[in-house]
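Top to bottom, those sequences are chains A and B. Residues 86 to 411 (our numbering) are what the first sequence spells out, left to right. Residues 86 to 411 (our numbering) are what the second sequence spells out, left to right.
Hints are not guaranteed to be accurate.
If chains are identical, the list can't say which one is meant, so a pair holds when it fits in one copy or spans any two.
Pairs of lysine to any residue, SDA-like flavour, derived with a Cα cap of 25 angstroms [unchecked claim]:
| hint | residue 1 | residue 2 |
| --- | --- | --- |
| 1 | K124 | G191 |
| 2 | K240 | Y125 |
| 3 | K394 | Y152 |
| 4 | K322 | Q121 |
| 5 | K322 | P117 |
| 6 | K240 | N192 |
| 7 | K132 | A313 |
| 8 | K384 | E274 |
| 9 | K240 | Q121 |
No wet-lab data here; the hints were simulated from the structure.
Listed below are the residues making up each chain.
There are 2 protein chains.
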Amino acid sequence: MKGLKERILDSVRQDLVEIEEALAENLSPYLPVVSQVAKYIMFGGGKRIRPLLMVLSARLCGYQGGYDKTLSVVFEYLHSATLLHDDLVDGAEVRRGNPVAHSVWGNPATVLVGDFLLARSIAIAAETGNIAIIDILASTTAQMSEGEIGQLLHKGDLATDESDYMDVIRRKTAYLIQSACHVGALLAEAEEARVRALAQYGYNLGVAFQLVDDLLDYTADGQVLGKATGTDLREGKLTLPVIYALNRATNEDRNHMEEIIGDPAFTKAGFDAVLSLIKKYGGIAYARKRAHEHIDQAKRSLGIFDGSKSRGLLEDLADYVLMRKM
Amino acid sequence: MKGLKERILDSVRQDLVEIEEALAENLSPYLPVVSQVAKYIMFGGGKRIRPLLMVLSARLCGYQGGYDKTLSVVFEYLHSATLLHDDLVDGAEVRRGNPVAHSVWGNPATVLVGDFLLARSIAIAAETGNIAIIDILASTTAQMSEGEIGQLLHKGDLATDESDYMDVIRRKTAYLIQSACHVGALLAEAEEARVRALAQYGYNLGVAFQLVDDLLDYTADGQVLGKATGTDLREGKLTLPVIYALNRATNEDRNHMEEIIGDPAFTKAGFDAVLSLIKKYGGIAYARKRAHEHIDQAKRSLGIFDGSKSRGLLEDLADYVLMRKM
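Based on the sequences and whatever the hints tell you, model everything.
This is the structure in structure tokens:
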């Protein structure tokens, strides 16, 4: 029997082909360096989860037009713009097994191509002539940059609490995924309750997606993940597992963790020590439980829709978020 | 008798006060670091020429509503976002006599606050609900980032010709100033010929504005300008005066200029030698002549409007572009 991932991929293969075409098409008329940097970040193994969610959401609401793939690229462009700027801001070195864009193309081109992708995504949204869609994308873009700024402000701050963390991941990740589903429903001119249901689905899926992403930085196989585990901690990013554990640890254990985290050059042994303390205080299990809850909520939101292949796919995608290894 | 600058300032004093208020108001609800960086770049001596042009264009077309100042901030935000990212991309050190933002706040905050201002400006435009206005701003933003990328690509390239240069300044400067005038006319729901006339005025004013800006980098008093002359050349930016001179110089003079320009650490004496060769071949006079032509065209575009205080002000502003010292 096929695994969940293979089943999902089989069902969306044609959609993914068309999304790839739309992504490539939209870039070709621009300056070569734009295409090169944009392709480097966009065709380096992204999962196209955001455009796919938009397309599937539109389909679930009965959309039969031909504009969905064209519009869906907006979500990948915005996401890619964020990756380009964030890797630079974070001083990251590796993404999906490749050197980060700014180390290959330099900071100037990386800043400017990020700006271009951001601007281009808004321009594509404007072409819809649909104010509600434009509004969502404009405010999501502003929220995302506030989320990134929030993350920067909390960098290395051991007092970061769960609500600070949730605030950052909502803005930097969840709202864009929510927007993808929301815009899909709007494109299909769905009735309001369905639009709301898909926005809710996307929001919860997005929160879970980031929770799992942050978990993988502790628990993944570095080979599969395409970068070393412990990268977040090394960059001073405190995510839920460690926030939860720090909050519950004895003074002694907390001091021990803080000492290791406080020096970004910590060794593999140092990371393992932090990880084992995180596990001791249930930080991994807690973050996983929170992700589960959001996935359950996401799936419940779909209850308003009759059973269909598209609904089944969105449910499968939600389950997959919890299972993914990279 | 008062000078042109004082006359203009007297006429727009109340507008400028209201624009300043709108600029400050729109930032206050955001994260402190956003306000700080944004205020640093925005309240460091900018001339508010873009918001002012939008407000005056709307008024010339009979606009009497109260939304002009609110919307006008979009043009200052977009401009400021570009300054933040460009100074970083250019490795600049000083702007208007102050250290550049990224040397005070660091690259990460500078990248992210630039993104925020860009996103916020699109969000404010989206709030108008006016598709034509949103469209203009979205495509201008994309053009601006292409202009900056074009400039980066031509950096230090001695084969840059006048048409490459014009292409860059159109995108990085003229289209935004054009948009300000265009959007002002649209806000006033002006008839199409007037909208077109103001867009033309803005375009030509914008081209002249950048031509003069680039001239000042050769001819200004560094104290008045707020940065040393020769900065463009040091950053590898070939602007019209030097492009024109290189193109007309004897082999010997061209080689001499290229030798100096080729080493960004050139001395004051080196710069003076380049400047005197530029003058020998008429590069300063030519760029000034081109700026004059665009200002003449800008003023001619206003011919469609009856004489009025607003029309007179826009004409004065055009004349002032040619006279400014900083």
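Checking each numbered hint in turn, tell me which of them this model violates, lowest number first. none
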